Amino acid sequence: MSEINLSDAKITNAGQPVVLRLAGITKRFGPLLANDHIDLDLHRGEILALLGENGAGKTTLMNILFGHYVADEGQVLVAPKQGGDLGSLERGSPGAALAAGIGMVHQHFTLAENLSGMENILLGTEPIFRLVRRTGPARRKVEALIADSGLAVDLDIQVSRLMVGEKQRVEILKALYRDARVLVMDEPTAVLTPQESEGLFKTVRALAARGLAVVFISHKLGEVLAVSDRIAVLRGGRKVGEIFTRDADRRVIAEMMVGRDLPASRRTPRDPGAVLLDLDSVAVTGQGTRNSLAAATLSIREGEIVGIAGVSGNGQAALAALVAGLVAPASGTLRLFGEAITRPSPNAFARAGIARIPEDRHHDGVVGAMTVAENIAIEELRGPDFQRHGFLRFAAIRARAEVAIRDYDVRCQGPDAPARLLSGGNIQKLILARVLDRKPRLVLANQPTRGLDVGAQTEVHRRLLAARDGGAGIVLISEDLDELLTLSDRVAVMAGGRLSEARPTETLNRGTLGMMMAGHDEERAA
Amino acid sequence: MIRFEPRQDTPAILSILAPVFAAVAALALAAIPLAFAGAPILESYRLMVQGAFGSLFVFSETLTRTTPLILTGLAAAVAFRARLWNIGGEGQLYAGALAAVAVGTGIIDGPPVVMIPLVLVAGALAGALLMLGPTLLKLKFGADEVVTTLLLNFVMLLFVQMMLEGALQDPMSLGWPQSAPIIDSAALPPLLPRLRVHSGLILGLIAAVAVAILIRRTVWGFEIRAVGENAAAARFAGIPVTATMVRVALISGGLAGLAGVGEVAGLKGYLTSDLSPGFGYAGIVVAMLARLSPLGVVAAALFIAAIFVGADSMSRGTGVASYIADLVVALSLLCVLVGGFVTRYRIRLVGARKAEA
Numbered sequence: 001m002s003e004i005n006l007s008d009a010k011i012t013n014a015g016q017p018v019v020l021r022l023a024g025i026t027k028r029f030g031p032l033l034a035n036d037h038i039d040l041d042l043h044r045g046e047i048l049a050l051l052g053e054n055g056a057g058k059t060t061l062m063n064i065l066f067g068h069y070v071a072d073e074g075q076v077l078v079a080p081k082q083g084g085d086l087g088s089l090e091r092g093s094p095g096a097a098l099a100a101g102i103g104m105v106h107q108h109f110t111l112a113e114n115l116s117g118m119e120n121i122l123l124g125t126e127p128i129f130r131l132v133r134r135t136g137p138a139r140r141k142v143e144a145l146i147a148d149s150g151l152a153v154d155l156d157i158q159v160s161r162l163m164v165g166e167k168q169r170v171e172i173l174k175a176l177y178r179d180a181r182v183l184v185m186d187e188p189t190a191v192l193t194p195q196e197s198e199g200l201f202k203t204v205r206a207l208a209a210r211g212l213a214v215v216f217i218s219h220k221l222g223e224v225l226a227v228s229d230r231i232a233v234l235r236g237g238r239k240v241g242e243i244f245t246r247d248a249d250r251r252v253i254a255e256m257m258v259g260r261d262l263p264a265s266r267r268t269p270r271d272p273g274a275v276l277l278d279l280d281s282v283a284v285t286g287q288g289t290r291n292s293l294a295a296a297t298l299s300i301r302e303g304e305i306v307g308i309a310g311v312s313g314n315g316q317a318a319l320a321a322l323v324a325g326l327v328a329p330a331s332g333t334l335r336l337f338g339e340a341i342t343r344p345s346p347n348a349f350a351r352a353g354i355a356r357i358p359e360d361r362h363h364d365g366v367v368g369a370m371t372v373a374e375n376i377a378i379e380e381l382r383g384p385d386f387q388r389h390g391f392l393r394f395a396a397i398r399a400r401a402e403v404a405i406r407d408y409d410v411r412c413q414g415p416d417a418p419a420r421l422l423s424g425g426n427i428q429k430l431i432l433a434r435v436l437d438r439k440p441r442l443v444l445a446n447q448p449t450r451g452l453d454v455g456a457q458t459e460v461h462r463r464l465l466a467a468r469d470g471g472a473g474i475v476l477i478s479e480d481l482d483e484l485l486t487l488s489d490r491v492a493v494m495a496g497g498r499l500s501e502a503r504p505t506e507t508l509n510r511g512t513l514g515m516m517m518a519g520h521d522e523e524r525a526a
Numbered sequence: 527m528i529r530f531e532p533r534q535d536t537p538a539i540l541s542i543l544a545p546v547f548a549a550v551a552a553l554a555l556a557a558i559p560l561a562f563a564g565a566p567i568l569e570s571y572r573l574m575v576q577g578a579f580g581s582l583f584v585f586s587e588t589l590t591r592t593t594p595l596i597l598t599g600l601a602a603a604v605a606f607r608a609r610l611w612n613i614g615g616e617g618q619l620y621a622g623a624l625a626a627v628a629v630g631t632g633i634i635d636g637p638p639v640v641m642i643p644l645v646l647v648a649g650a651l652a653g654a655l656l657m658l659g660p661t662l663l664k665l666k667f668g669a670d671e672v673v674t675t676l677l678l679n680f681v682m683l684l685f686v687q688m689m690l691e692g693a694l695q696d697p698m699s700l701g702w703p704q705s706a707p708i709i710d711s712a713a714l715p716p717l718l719p720r721l722r723v724h725s726g727l728i729l730g731l732i733a734a735v736a737v738a739i740l741i742r743r744t745v746w747g748f749e750i751r752a753v754g755e756n757a758a759a760a761r762f763a764g765i766p767v768t769a770t771m772v773r774v775a776l777i778s779g780g781l782a783g784l785a786g787v788g789e790v791a792g793l794k795g796y797l798t799s800d801l802s803p804g805f806g807y808a809g810i811v812v813a814m815l816a817r818l819s820p821l822g823v824v825a826a827a828l829f830i831a832a833i834f835v836g837a838d839s840m841s842r843g844t845g846v847a848s849y850i851a852d853l854v855v856a857l858s859l860l861c862v863l864v865g866g867f868v869t870r871y872r873i874r875l876v877g878a879r880k881a882e883a
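Chains R and C, in that order, are what the protein sequence lines are.
Residues 1 to 526 in my numbering are what the first sequence spells out, letter by letter.
Residues 527 to 883 in my numbering are what the second sequence spells out, letter by letter.
One should not assume that every hint holds.
[What the hints assert, rightly or not] Between beta-carbon pairs, the in silico distance windows are:
1. P566/C / P80/R: 52 to 60 Å
2. E126/R / E691/C: 53 to 61 Å
3. F680/C / H363/R: 48 to 56 Å
4. D39/R / A538/C: 32 to 40 Å
5. A352/R / T768/C: 19 to 27 Å
6. A112/R / L677/C: 28 to 36 Å
7. D407/R / A554/C: 51 to 59 Å
8. H108/R / E691/C: 54 to 62 Å
9. F585/C / G414/R: 41 to 49 Å
10. A538/C / E113/R: 34 to 42 Å
Keep in mind the hints are simulated off the structure, nothing from the lab.
As the structure is a computational prediction, the values presented were derived from the model and not from experiment.
Where a beta carbon is used, it is the ideal one built from N, C-alpha and C, also for glycine.
Could you build all of it, start to finish, from the sequences and the hints given here?
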């Protein structure tokens, strides 16, 4: 493993002053070393990408920077606003971080949904005890910021009515309004469409050109290479490398991130078997296109992966809810393993042998306050293994959890640790362990790799392919076209609540899929 | 300056000690109004302790008060575990008492082995059914159970008053709104001769152990915890959320109903509309003080009961109004909420200077 030297970085950036320095930051959570003596400099006007797998320590590091955590060792140093030498930032104080000009755009937005964009921007900057709200000067400042940065957004409508990309702009404006000199963006593209991401990159570059220093946290190599000036890679809590983006090589960085060669996901041709799941003109009525499905016809056979492409919010949620047993068809016939289902239930579906991987793994996948072991056992509670006469068999639950933790490499403090302490990738591994370890006949994988780093993604792909080769049929709902084209035997597209016919992957490419996702007919696209 | 930092893990010892400290802090804070009232503080507390624990007689009184609080405390604790906000313990208590007098005042007669289980089952069933309605409304229409259960308390109390002046009025009561007495074979036997503490206490202790086992060791308990902590994930994982909620409602209402049976069949002997001085509401405080732990409920109930009984005796000795008991109970609830904060955050005292560079 080549460790890239820091020394030449210092020389080239000598022109711009350092605005932020992390010196020897170390943080332990029990036996887990989340940050191990991390040093990092951030220069004025620079976009630094912080790259790393889930659990590499990126979020912990930023939480320390922002005062949410207190480092066990090390210091955060910032340049004073009026210039001069670096001074240390008060530890564990988000207020001090804000005052020093450090702004953060969280992956999950922190906006008050019932207020307007303008009110959200002002929130917390105004004195509480004032009778009249004077927004004139503030408004002029925000409008100037919008004009300078190109962050166009309607300031006066309720945030709940804004699109995701617009909400993110409000978040950025909020930070800029507070005179942020350092902007930390935690996986900002996770929620954006490719077009929105492209727009964001332009904005970020424009802001950097005006002197803003940006920390761009991500695990997507492509976008990091596209947007950043410099890349720092974290792995296992340590900084394992730092490199200028123009000198960077995709492969080297990927290896730095995961610390091993990435096995490419490859599927071997296989004859599909009997039909497992059959949708015949099944419609689901729900609120909005997100939760509606119009007369979908689809069949999944043994030993094949059927990919469902589409921009999120086009009815995939309805399809997933159908296959997960959460909703009943409003019309049409759903046949599962040959039997028509009229009254589905998640429990019955799970017991019948469907492995269900939910889209929102934090919200629907785990009960955060309960332990890892309990979350692994949760679907099989009423089976003979984990209870007798209604009493839980703790030894069996624990034993199962220990095997799962080992086999699926779930990084946690043990079976009794609360699931909420796990990182996103490890929560996904926990869910995989829960559902795949039972030799499922059908797998529903809804956005299984969204928000995961390369290592965890590869692991998910490997597990799905293994399940397929073991004879399971898989419904793979994803927005990642590369993922779909590599894994799927057939791909169907969802647009506006309609599901296209599933076509063999060999006959498709990114272009045709993209056209179909945008709502064009297959015929015209082909 | 004081600063709060979120804790990663809460040390187990702190979770246990926090309520104890909260209780002590509440007593310490209550010393302030005591001092204003001109009472000698240490002497007042000595009288309070003596009044609650000083003799077998007063201890029996304390335990008599503890009995309904254990049951209403458990009722709240079980429901709150599932995020079912049952504020209707008071109404369910009265429903249980009403059912007990309906079957236990002579309509049916039999040996105690038949009659005692009968009044208990009738009372539990009545409380459970009273909680079932608001829960179904919540599940079906999203009606806020805080409002519905709270309002049902008043409905139930008025219903009891109506019955006591009508169908269930004792013909021998000379017009007083009270029920006929519970017949001897249906009465819960006293635990000690010539003292008021009755076998309802044993019932409460058994219930506490049973609820503790239910929550920690059974599939039902697992489901209750899962639904309470994250209903969406529980539903996705195939846990029957509706059935679990209904189950919790029945258990919670049933426990509160049992408290009513205990009061009427173990203590008073007949039903009046002032049977409970707010045991249903105090049960919520007990559950919070116990941090929803079923065994903790027993300790919290004893604490609250001792405050009430002890304050009576203190007020006789010092002339301070026994309202001081309500004050201590309210303060202990506040202190427990602060205590809960302490278990989740680490509090650091920081010097006025900024940390040295």
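Using the C-beta atoms of F680/C and H363/R, is the stated range 48 to 56 Å upheld? Because 38 Å falls outside the window, the suggested range is violated.
A538/C and E113/R, beta-carbon distance inside 34 to 42 Å? Holds, since A538/C and E113/R (Cβ atoms, about 37 Å apart) stay within the stated range.
Hint says 41 to 49 Å; check whether the CB-CB distance for F585/C and G414/R agrees. holds, 45 Å
Given the hint of 51 to 59 Å, check if D407/R and A554/C actually sit that far apart at their C-beta atoms. About 54 Å separates the Cβ atoms of D407/R and A554/C, which means 51 to 59 Å holds.
With 28 to 36 Å as the target window, see if A112/R and L677/C comply at their CB atoms. holds, 31 Å
State, for the Cβ atoms of E126/R and E691/C, whether the hinted interval 53 to 61 Å holds or is violated. holds, 59 Å
Is 52 to 60 Å right for how far apart the beta carbons of P566/C and P80/R are? Between P566/C and P80/R, where Cβ atoms are some 58 Å apart, the hint holds.
54 to 62 Å was suggested as the range; check whether the CB atoms of H108/R and E691/C agree with it. holds, 58 Å
Evaluate the given range 19 to 27 Å for the C-beta pair formed by A352/R and T768/C. For T768/C against A352/R, whose Cβ atoms are near 21 Å apart, the range 19 to 27 Å holds.
D39/R and A538/C, beta-carbon distance inside 32 to 40 Å? holds, 37 Å
Going through the hint list in order, the structure does not satisfy hint 3, though it satisfies all others.
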